[in-house]
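Listed below are the residues making up each chain.
Number of protein chains: 2
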Amino acid sequence: MALPREYTQQSCSVARALEVVGERWSLLIVRDAFFGVRRFSDFSAHLRIPRAVLAERLDFLVGEGVLERGTGTRPVYALTAKGLGLWPVVRTLAEWGDTHYGPRGPRRLFTHAGCGGAVDPVGSCSACGQGVPVGDTVMSPGPGFEAPGEGANAVSVALASPHRLLQPLR
Amino acid sequence: MALPREYTQQSCSVARALEVVGERWSLLIVRDAFFGVRRFSDFSAHLRIPRAVLAERLDFLVGEGVLERGTGTRPVYALTAKGLGLWPVVRTLAEWGDTHYGPRGPRRLFTHAGCGGAVDPVGSCSACGQGVPVGDTVMSPGPGFEAPGEGANAVSVALASPHRLLQPLR
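Taken in sequence, the protein lines are chains A and B. Counted the way the working numbering counts, the first sequence spans residues 1 to 170. Counted the way the working numbering counts, the second sequence spans residues 1001 to 1170.
Only chain A is shown next, with the shape it has when bound in the complex:
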């Protein structure tokens, strides 16, 4: 897939990264993939964006090697090793959002599956000091979490309970 060189004058790694994940919705699709969303219909239900936009974004992220698409009649999407490398970006954005727009505290908490310690935005466990692989991270609702309302989609409902990252949501 041809790259949209949107920031052609910018010889900069930040610009280069944003050419790949800076488009509207792309980082939220990546976030959902970390949360364990795999199916087109689940991304669609959770993100509530037009299916054509979602399809285009997924195709682009697959083309860039951020996601891989499984084969089958109902393909599933999963982060590649390259895509997994975006976790610090997602987490530092969440941290900043919580700090400045989360008056009741963090919406989500991240703990180390091994020892239960809190995981900082860049993946170190505050209890055991180890670097925590994203797949060993458990996400739980925090004090700022807003419980899904009546008739919420299945993804939002599933994410209201503690869940290990990357584990298929359902």
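Wrong hints could be hidden among the right ones.
Said to hold, decoys possible - A short, non-exhaustive set of chain B residues, derived as facing chain A with CB atoms under 10 Å:
{"no.": "1", "residue": "Cys1012"}
{"no.": "2", "residue": "Ala1015"}
{"no.": "3", "residue": "Glu1023"}
{"no.": "4", "residue": "Leu1027"}
{"no.": "5", "residue": "Thr1073"}
{"no.": "6", "residue": "Val1076"}
{"no.": "7", "residue": "Leu1079"}
{"no.": "8", "residue": "Glu1095"}
{"no.": "9", "residue": "Asp1098"}
{"no.": "10", "residue": "Gly1102"}
{"no.": "11", "residue": "Asp1120"}
{"no.": "12", "residue": "Val1122"}
Said to hold, decoys possible - Derived DEER-like restraints, expressed as beta-carbon distance ranges:
{"no.": "13", "chain 1": "A", "residue 1": "Gly135", "chain 2": "B", "residue 2": "Gly1131", "range": "24 to 32 Å"}
{"no.": "14", "chain 1": "B", "residue 1": "Ala1055", "chain 2": "A", "residue 2": "Ala78", "range": "35 to 43 Å"}
{"no.": "15", "chain 1": "B", "residue 1": "Arg1074", "chain 2": "A", "residue 2": "Pro133", "range": "44 to 52 Å"}
{"no.": "16", "chain 1": "A", "residue 1": "Gly135", "chain 2": "B", "residue 2": "Arg1104", "range": "30 to 38 Å"}
{"no.": "17", "chain 1": "B", "residue 1": "Ala1052", "chain 2": "A", "residue 2": "Cys128", "range": "47 to 55 Å"}
Unchecked claim - Listed next, the stretches of chain B that the computed footprint assigns to chain A, with coverage defined by at least 3 CB atoms under 8 Å from CB atoms of chain A:
{"no.": "18", "stretch": "1080–1093"}
{"no.": "19", "stretch": "1105–1112"}
No lab work stands behind these hints: they were computed from the structure. Glycine included, C-beta positions come from ideal geometry on N, C-alpha and C.
Use these hints to put chain B onto chain A, whose structure you have.
Relative to the frame of chain A, chain B by itself:
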């Protein structure tokens, strides 16, 4: 300033953060502010975006408290404490961009002004182990850096030499 609630269905700190800095060019403006760009004309020369777009983005970031605008006939822009909190986002994006789109290595290197050690994407010094405030970070061209060509703008030329972050570029 009223917020564009672009991701209204998303009760998520990532979405909230992207409502503030996820718009096209916004994170590159923030990046430039970390690099020491302060004047409208310098942002304009370095980013090469239409002046109306730049003015709109700067106004929005000032309204959100990410930047502050100095008074005077030629106002300068500087990151607020809230804006400074975006450094880990900018750095983790750059790290990912360098890893996957920098075949010759990092475009920029970050070292601790105090001891000269390399600073990791989240601000720890590899030599002395300290957390390094962004203002104590020196940015230098790395092996992947592309030198500015003939007739390059003054910001690009200034950034081709080692430069302490946040220090006004000129």
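Hints, one by one, checked against the model:
{"no.": "1", "hint": "Cys1012", "verdict": "holds, 6 Å"}
{"no.": "2", "hint": "Ala1015", "verdict": "holds, 6 Å"}
{"no.": "3", "hint": "Glu1023", "verdict": "holds, 9 Å"}
{"no.": "4", "hint": "Leu1027", "verdict": "holds, 6 Å"}
{"no.": "5", "hint": "Thr1073", "verdict": "violated, 28 Å"}
{"no.": "6", "hint": "Val1076", "verdict": "violated, 22 Å"}
{"no.": "7", "hint": "Leu1079", "verdict": "violated, 13 Å"}
{"no.": "8", "hint": "Glu1095", "verdict": "holds, 7 Å"}
{"no.": "9", "hint": "Asp1098", "verdict": "holds, 5 Å"}
{"no.": "10", "hint": "Gly1102", "verdict": "holds, 6 Å"}
{"no.": "11", "hint": "Asp1120", "verdict": "holds, 9 Å"}
{"no.": "12", "hint": "Val1122", "verdict": "holds, 4 Å"}
{"no.": "13", "hint": "A/Gly135 x B/Gly1131: 24 to 32 Å", "verdict": "holds, 27 Å"}
{"no.": "14", "hint": "B/Ala1055 x A/Ala78: 35 to 43 Å", "verdict": "holds, 42 Å"}
{"no.": "15", "hint": "B/Arg1074 x A/Pro133: 44 to 52 Å", "verdict": "holds, 50 Å"}
{"no.": "16", "hint": "A/Gly135 x B/Arg1104: 30 to 38 Å", "verdict": "holds, 31 Å"}
{"no.": "17", "hint": "B/Ala1052 x A/Cys128: 47 to 55 Å", "verdict": "holds, 52 Å"}
{"no.": "18", "hint": "1080–1093", "verdict": "holds (count 8)"}
{"no.": "19", "hint": "1105–1112", "verdict": "holds (count 3)"}
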